Amino acid sequence: MITMVVNNDDVYENESIELTYWLYYIMVYYVLQIICIITAFLNVQQYKQPEQEAVSTTTTSSTLVGMNVMGQLIDKAKRAIVMRTVNNEKSQHEQMQQEKIHYQSSQSNVSKSILPIRIQELEAKIENRATIIDEKSPAVLKYRTPHFRATATVKFPPLDEGEHWKIGWIQSCTRMDFFNSYGDCGYSSWEFPQLMSGQNPMISDSDGRNYPFYGSKSEVIEIQGPCIDYTTLKVVMNDNFYPHITWDIPTSNERLARLTNVKRHQSFYTWLVAMNARNGSILVLKTISWQMDLEINIDPTKSQGSRATLVSDPIPIQPEILKQNIRIPTCVLYPPNANSAQILVWHPGCHLGITSKRPEIVVPPRCMLVLLQNPFYANHIRHKTHTSIQNKLNGGSSSSSSSSSLSSSSSSPSPSSSPSSSSSESRMNVSQSLTIKPYSRLIFPHPSGLSSTSLCSIAPSNRCYNGMKYILNNHAKLAQGVMVR
Numbered sequence: 321m322i323t324m325v326v327n328n329d330d331v332y333e334n335e336s337i338e339l340t341y342w343l344y345y346i347m348v349y350y351v352l353q354i355i356c357i358i359t360a361f362l363n364v365q366q367y368k369q370p371e372q373e374a375v376s377t378t379t380t381s382s383t384l385v386g387m388n389v390m391g392q393l394i395d396k397a398k399r400a401i402v403m404r405t406v407n408n409e410k411s412q413h414e415q416m417q418q419e420k421i422h423y424q425s426s427q428s429n430v431s432k433s434i435l436p437i438r439i440q441e442l443e444a445k446i447e448n449r450a451t452i453i454d455e456k457s458p459a460v461l462k463y464r465t466p467h468f469r470a471t472a473t474v475k476f477p478p479l480d481e482g483e484h485w486k487i488g489w490i491q492s493c494t495r496m497d498f499f500n501s502y503g504d505c506g507y508s509s510w511e512f513p514q515l516m517s518g519q520n521p522m523i524s525d526s527d528g529r530n531y532p533f534y535g536s537k538s539e540v541i542e543i544q545g546p547c548i549d550y551t552t553l554k555v556v557m558n559d560n561f562y563p564h565i566t567w568d569i570p571t572s573n574e575r576l577a578r579l580t581n582v583k584r585h586q587s588f589y590t591w592l593v594a595m596n597a598r599n600g601s602i603l604v605l606k607t608i609s610w611q612m613d614l615e616i617n618i619d620p621t622k623s624q625g626s627r628a629t630l631v632s633d634p635i636p637i638q639p640e641i642l643k644q645n646i647r648i649p650t651c652v653l654y655p656p657n658a659n660s661a662q663i664l665v666w667h668p669g670c671h672l673g674i675t676s677k678r679p680e681i682v683v684p685p686r687c688m689l690v691l692l693q694n695p696f697y698a699n700h701i702r703h704k705t706h707t708s709i710q711n712k713l714n715g716g717s718s719s720s721s722s723s724s725s726l727s728s729s730s731s732s733p734s735p736s737s738s739p740s741s742s743s744s745e746s747r748m749n750v751s752q753s754l755t756i757k758p759y760s761r762l763i764f765p766h767p768s769g770l771s772s773t774s775l776c777s778i779a780p781s782n783r784c785y786n787g788m789k790y791i792l793n794n795h796a797k798l799a800q801g802v803m804v805r
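Numbering (this note's numbering), first residue to last: 321 to 805.
With a cut-off of at most 30 Å between alpha-carbon atoms, the simulated DSBU-like pairs for lysine-lysine come out as follows: (1) Lys445 x Lys462; (2) Lys583 x Lys462; (3) Lys583 x Lys445; (4) Lys606 x Lys486; (5) Lys606 x Lys475; (6) Lys554 x Lys475; (7) Lys677 x Lys583; (8) Lys606 x Lys643; (9) Lys445 x Lys606; (10) Lys456 x Lys622.
The set of hints was computed from the structure by calculation and includes no laboratory data.
Since the structure is predicted, the reported quantities are computational estimates derived from the model, not experimental observations.
The whole structure should be built from the sequences, with the hints applied where relevant.
Have a look at this one:
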């Protein structure tokens, strides 16, 4: 058996050496690790720096570019905002200027269309006398009503160059009841088809030569600019009835006395107007309402000269100047007028108030379009007018103008119905123009025949405007816009 003896000091020394080696290895290991880490960190820093420089360069350049782009965009946006603001200010300024100009023009138009016309004097009256009855003719009964007269003195304001105005009277008939009774034989009636059928509320009472005015002489005055001061104008009109009524029935060829009663009621509107001749607009200055009522009883058994008796009030009803103006309907501004539209209807075997089953149109209208366009008279017999009726209505008079009395309701001025005072008033009106201040031209139109170039022509057998649709074409377009002050 072998026995080994180990010394403790050697063991301890060996262990100490081993521990020393182990610690050395550990220290080296950690040092190397640290060195590797530091080296790696340095390498990473070396590689990262150029990248950061490149990135920073790129970022800087891109930032600069972006800043430039943004600056340009901002500049453009600011410029657009500034331009928009300037444009808005300009547009608002221009709009304000346009509105101001429009307002001024509208105000000027209003001031031009609605002028401060001053009415110095206005008078409307009917002669305070009874109707005069004339039985001298063996064929017809005549009567003359008192005259309705209207006079106005107007101060017209200054006018510019090219302005053209007409100041005058316009009249319309709003109602007509005109019946001639012949006992049991029947009765006749003068009618306006437009009023009877309700087609129009009124009918023009113009003279037929100077629509829409009542007459062509003292009834209307034209004034043209330039006028530097107010101009004084005077317009006068008068109206009355002077009809011829046959003693015998209108369809008879004899000259018997069968007339027993005459009833007549007519009402009118008369307007004092100022019309702009350039655009046709009408300014109503004043409106007058008046009427004429009469009734005559006739005893056919008595001798001529003592048959007729006035039974209505001999004192006429005076006209009324209305406080509020009445609008002028369009139908009053153009043809046909009253004298061209009226017809005489015979109701045989009927008393007044009863309509005959077979009424006859004895006297047709001068304008046949009145009947052709009105179905109200479709069932009326078109009676062939006898020459005896013409002779009776003429009454054997040698006056060439007596044929115009065939209308039997001549309320507009005509050679047979106009009083002698019309010419004197016209002369007074002309003398009035001589005292008017200078720088103004007053035109007093005189009636004249239609020229060959006129749009309207009158047929020899039909006193009606064939060109009715074209007469006063410009005025009719503006007739709906009649202005009322």
